[in-house]
Structure formats: structure tokens, C-alpha cells
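Undergrad: Residues per chain, in single letters:
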Amino acid sequence: MLANEKLILALPRGRILDEVLPLIGRAGLEPEDAFHRDDARQLRFSTSDPSVDIIRVRSFDVATIVAFGAAHMGVAGADVLLEFESREIYAPLDLDLGHCRMVVAAPGDLVKRDNPKRWSHIRIATKYPEITKRHFAARGVQAECVKLSGAVEIAPALGLCERIVDLVSTGATLKANGLVEVEEIARISSRLAVNRTALKTRSDEVSKWIARFREAADARPA
Amino acid sequence: MTDRVHRALLPAGLKDVLPPDAESEATVRETLISAFVSRGYDRVKPPLIEFEDSLVSGSGEATSSQTFRMMDPVSQLMLGVRPDMTLQVARIATTRLIDEPRPLRLSYAGEVLRVRGSSLRPERQFAQVGAELIGSDKPEADAEVILMAGEALNAAGADGLSVDLGLPTLVAAICREHGVDPQGNDGVLRGALNQKDAAAIKQFGGPAAPVLGELLAAAGGAAPAIERISGIDLPDDAEREWSHLVSVAEIVKRRAPSLELTIDPVEIRGYEYHSGVTFTIFSKSARGELGRGGRYIAGNGAETAGEAATGITLFLDTVIRSLPDSPQPKRIYLPTGSSPEDARRLRAEGWITVPSLSAEEDGAHRARALGCTHILVDGEVSGIGAGGGAPDG
Chain C
1 MLANEKLILA LPRGRILDEV LPLIGRAGLE PEDAFHRDDA RQLRFSTSDP SVDIIRVRSF
61 DVATIVAFGA AHMGVAGADV LLEFESREIY APLDLDLGHC RMVVAAPGDL VKRDNPKRWS
121 HIRIATKYPE ITKRHFAARG VQAECVKLSG AVEIAPALGL CERIVDLVST GATLKANGLV
181 EVEEIARISS RLAVNRTALK TRSDEVSKWI ARFREAADAR PA
Chain X
1 MTDRVHRALL PAGLKDVLPP DAESEATVRE TLISAFVSRG YDRVKPPLIE FEDSLVSGSG
61 EATSSQTFRM MDPVSQLMLG VRPDMTLQVA RIATTRLIDE PRPLRLSYAG EVLRVRGSSL
121 RPERQFAQVG AELIGSDKPE ADAEVILMAG EALNAAGADG LSVDLGLPTL VAAICREHGV
181 DPQGNDGVLR GALNQKDAAA IKQFGGPAAP VLGELLAAAG GAAPAIERIS GIDLPDDAER
241 EWSHLVSVAE IVKRRAPSLE LTIDPVEIRG YEYHSGVTFT IFSKSARGEL GRGGRYIAGN
301 GAETAGEAAT GITLFLDTVI RSLPDSPQPK RIYLPTGSSP EDARRLRAEG WITVPSLSAE
361 EDGAHRARAL GCTHILVDGE VSGIGAGGGA PDG
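Quick note, the sequences are listed as chains C and X, same order. With the first letter of the first sequence counted as 1, position 125 gets the number 125 in our numbering; the numbers rise by one all the way through. With the first letter of the second sequence counted as 1, position 286 gets the number 286 in our numbering; the numbers rise by one all the way through.
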């Protein structure tokens, strides 16, 4: 499957895509027209470079697909890579876009009366159970995670749990749901993710693209 | 769990290997090990289970978390099932074979058991075929092992091979020199190095960040990587090991120009017990590693300093996934009354012979059902047409 075939670049759907497209354009990759049509059912697209195809998938799936070598390269948030933590993925390049932060948040009144030092077990709603468990285990707290796929901020108000771990960029969603940030777990940005075997067996090609994406990231208009 | 388990269900990561896969696995295993044996690597066979203490002491600590353990009711001591065979062979070399002249060349093949599979290798039990060269610290020894593994894999039908050279001690030496602890702060720097996360290395690398960043950027094809890294100012002990790696790369390049050679100076994961140059073998036609190995100290532990050793372990499951489908052997049906001499002659010619047990089952129809492509008619080999049923001569 990694033989002398086209290189496949996996891009995440959604918000990040709008930031990624100008960057890959500067790197010399223009997706075919169908890519920009919202009604396209197609999932794999050719590009201006005959040796590279693009696939468009959910952001979490970028990590899975690159880890298994089904795509040779991809764009994924550091949040997804941290959660997935695969030894088959390298992240050699920070694309310096999609900036946000991963934080622990809780209702304001809880924060006032709470003493985190006394915790032995907490329940947390999150899209990121692995990162959350690791983060709290490192300080001796067992985190029981309720895995949600979205609308995490509403969980405390519904009594599902008292705290959440989620991404914030402006903090407006937290505020609207009566939550305050308790601590920051990580600063997040999008990375170029590369499959390990592809980097070893198609070293020249893949290295060439890493270099082009690096130049494109550096050449971003301020 | 009170529900009865279905009889066919096996624990995660374990499987029954069926025809024809079991046969082709055995063939590949034999091809690989005989390539080692024919180059002077004498075969040894350690046991499946050992005392935990000898299995996980010294260099074995790295594989400790992958070891299944059980209590020995006889000795009342804890036993471990081997998660890897290299350290068993190193134990043999530095105990029972301690008086054998050096360099000592040993090979082995066998099954290992691990507590957890990985995403690319969900199997918890799989076969390893390996070779160890004990008692030499020369680059020629490492090159010999790499070249031999490449030839063994070629003999088994693998091609499009590439070898990635690494030096896990380099990162350690650089961190030491700059007073940075890669395990500190919850291992963030180590994690960043493992994932080649340039941004995180910059963020958490402290004073070592610039040189680690340069090393990371230098990873790639051997020739440019050597040129780039040789320009970096390395700590003294690291400099010595780096020039060892360069010598290995030069020998391999000279003797096997078709082998793609890459260098990854920041690869550390999975090389916990290695003490110098490491190598990982990839194939264009398989995800994951076909094999890995490198330099280590054989028999180090509480009492002994150990000896310089190098070796390679091939992972049979990945090797087989990288191979093109092998042609099925010819299979011939012997109706009742076929002569034993004919049968012997056919087998000697490489046929698989399948005898009929009763005259009612002598027909081509039955032969086809049993997977035969040919049938013996009046002492003559006769092909069975795919649809017609009549022998087509």
C-alpha cells in the first residue's frame, strides 16, 4: 500500500480547512475544482501536482489514517496527535495555524469553594479522554472521563459531571455556559503529520514536501 | 463475565494460523534462519519461559512492562514469558557459552508473547527470527548484520527495502551536556522527540533545543544527513558514536548500493536497551518495521559489565505482509490403486499428493473439492479443468 503510488495528503474538514488551503496553495498544491464545491460527494481529489492526491476527513480521522499509512501526510491539530499518541506518526512541522488552548473548566461557583489538592477522583466530560487521564494521573488524581463528541460545555449544567476538558480560542463558549477556566493543559496549533514508514521508505519525496510546507508556513503574510 | 465464551473466540491478539498461511510462514522462517546459519550464525533455542529476574534484569528492564508473568508452583518464584529473544541469546552467550571464542555468532527463531499489541501489530504472539554477533565493537560487525538481514529478506522474496540508522545515545549525550532532563516535566521533551514534533522540541528543549532541532531537520537520506550532522558540534562521547555510525553507513552503502539508507538521529523509542548505532528495516510494500536491531551490551547486570554486541531481530508477521503472494505448490489427487512408487516420485518432484480413501471418491470432482489442480490417471499427471470436470490432459 505504500508502494510507488501517489502520495496522499489528508486534510481536516471544518474550520481549519479554510486556514490550511492558502498554505498548501503557497506550497504549490491546488486541489481540483470539485474540492471547493460543498455538494461534492467525492472524498478524494486530485491536485495541480499529478503525484499528490488530497482526501478530506474528520479531524480525528486524520491521525488514524496517517498512523495506518493510508495517507502519507496530513494536517492535524496537536490536540488530536496528543490524544492519539501513535508511534507511527511524526509531526515534523508546526504549521502555525488553528491556534487554541486545551483547558480544564468548571462552573464559577464550584471553583470558589473547591480545593483541588483534596481530589482523588473526578469526573470529566471531554472529547479527549486520554489526554485528560494522563494530565490528572500525573498529579495523582484518577479522572473518570465521559467521552462526548461535541457540546462538551453543556455537560456541567446538565449534571453529567462538574468539570470539562476542551479547546478554547476566545473563551466565549465557556462564558456563555457559566464556566471558568481552571488551568491550561496545552497550547494547540496544527501540525503537519507524516507517516513514519512513508518518511523512511519514500524519504526524498516526503522530505521535499515537508520542506515546501515549511517554506509556505514561513512565507505566510503577516 | 458469566456468559459462556464462544469456542472459537480467542483472547485479543492471538490467532489460529490456517492453511495455506501456516505453511508459507514456516517456509519464510526457514529461509530467513538458514540465511543466518549459512553465514556462520549457529542456531540456539532458549526456552519459552524463564525466571523473571533473569529475563528482565539489566538490559531487560526495557521490556519488563511487556512481559507476561506467572508464578512457578514448583520453585515458588515468579516466571516470565519471553517478550523478545535477543536478551535470552545474550544470556546464553555470556553464561553457558562464555568460553567460546569471540566473535560469537548465534541465530534463533521462535515465538514471543507480549502483554500488549500495537496499532500496527495487534498480535500479542508472533515469531521472531534473529541473529546476534557478540564480542565485537567494530562498525564492520554492525554492517555485517545489516547486510545479512537484507540478503535474508531478499532470499525470502522481499524487496524495496530501506534501512534507517539511528543513535539513541546521541540525544541522551546532548541532553546531558546541556543539563536537560528529557524525562523531566512528565517526559514532555521525550514525547516531543518521539513524535518528531519540532514545535514542542523548541518549546521544551531548553538549552538543548537548537541542536536537537538541527538534528531533527537533518533526518533523511544518508548522504545529506551525514553531511549536515557532521557539521554540528557534538559532545565527545557522542562524536565517537556518530563516527561509528558513519562508518557503518559507508560499508553498507558500498556493499549493497541498492539498499535505501536513511539516518534518523533523534529516534529513541523502542531502543531502550541499545547502547550505540541502531537499525530499523522497512519495506515499501508493508507498513511497519520488518526488523530492528543494533548495538547493546550483552550480559550486563548487577555483577558483570557485559560485552559489546550487535544483532538484528526480524518480525515474521510484518515480513510476510511485505511479500508478494507466493505461488501455491502443485497438488495432485491419487485415486485408489495409484502406485506408491508414483506417489514417491511425484513428491520428490515437489508435488503435494492427496490420496483418495475409497473408489467412490476417485473422481475429478472430489479432487477439485480437496483443492487439487491435477489428478493421476493411469500413472500420468493430468490437469483438472476449472469448470468441465474432465481431465484435460
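Bear in mind the hints are in silico, worked out from the structure with no lab data behind them. It should be emphasised that the depicted structure is a prediction, and the values quoted were computed from it without experimental measurement. Heads up, a few of these hints could be off.
[What the hints assert, rightly or not] The calculated lysine-lysine pairs, modelled on BS3-like cross-linking and capped at a C-alpha distance of 27 Å, are:
| no. | chain 1 | residue 1 | chain 2 | residue 2 |
| --- | --- | --- | --- | --- |
| 1 | C | K208 | X | K202 |
| 2 | C | K133 | C | K112 |
| 3 | C | K133 | X | K15 |
| 4 | X | K330 | C | K208 |
[To be verified] So these bits of chain X aren't anywhere near chain C, every CB distance computed over 12 Å:
| no. | residue |
| --- | --- |
| 5 | S118 |
| 6 | G160 |
| 7 | A198 |
| 8 | L261 |
| 9 | W351 |
| 10 | E380 |
Built from N, CA and C at the ideal position, the CB exists for glycine as well.
Undergrad: Between C:K208 and X:K202, is the straight-line Cα distance small enough, at 27 Å or below?
TA: holds (22 Å)
Undergrad: Once the closest CB in chain C is found, is it more than 12 Å from X:L261?
TA: Given a closest Cβ separation of 9 Å, the condition is violated.
Undergrad: Quickly compare the C-alpha distance for X:K330 and C:K208 to 27 Å and report which way the hint goes.
TA: Given that 27 Å is the threshold and the Cα spacing comes to 47 Å, the pair is violated.
Undergrad: Taking the shortest Cβ-to-Cβ distance between X:S118 and chain C, state whether it exceeds 12 Å.
TA: Violated, because the least Cβ-Cβ distance between X:S118 and chain C comes to about 7 Å, which does not exceed 12 Å.
Undergrad: Holds or violated: are the alpha carbons of C:K133 and X:K15 at most 27 Å from each other?
TA: Outside the cut-off at roughly 31 Å; violated.
Undergrad: Examine each Cβ of chain C, and state whether all of them lie more than 12 Å from the Cβ of X:W351.
TA: X:W351 clear of chain C: closest Cβ-Cβ about 34 Å, beyond 12 Å.
Undergrad: For C:K133 and C:K112, compute the direct alpha-carbon distance and say whether it is at most 27 Å.
TA: holds (24 Å)
Undergrad: Could you let me know if the closest chain C CB is still more than 12 Å away from the CB of X:G160?
TA: violated (7 Å)
Undergrad: Minimum C-beta separation from X:A198 to chain C exceeding 12 Å: can you confirm that?
TA: violated (5 Å)
Undergrad: Beyond 12 Å from every Cβ of chain C: is that where the Cβ of X:E380 lies?
TA: holds (43 Å)
The structure fails to meet hints 3, 4, 5, 6, 7 and 8 from the earlier list, while all remaining hints are met.
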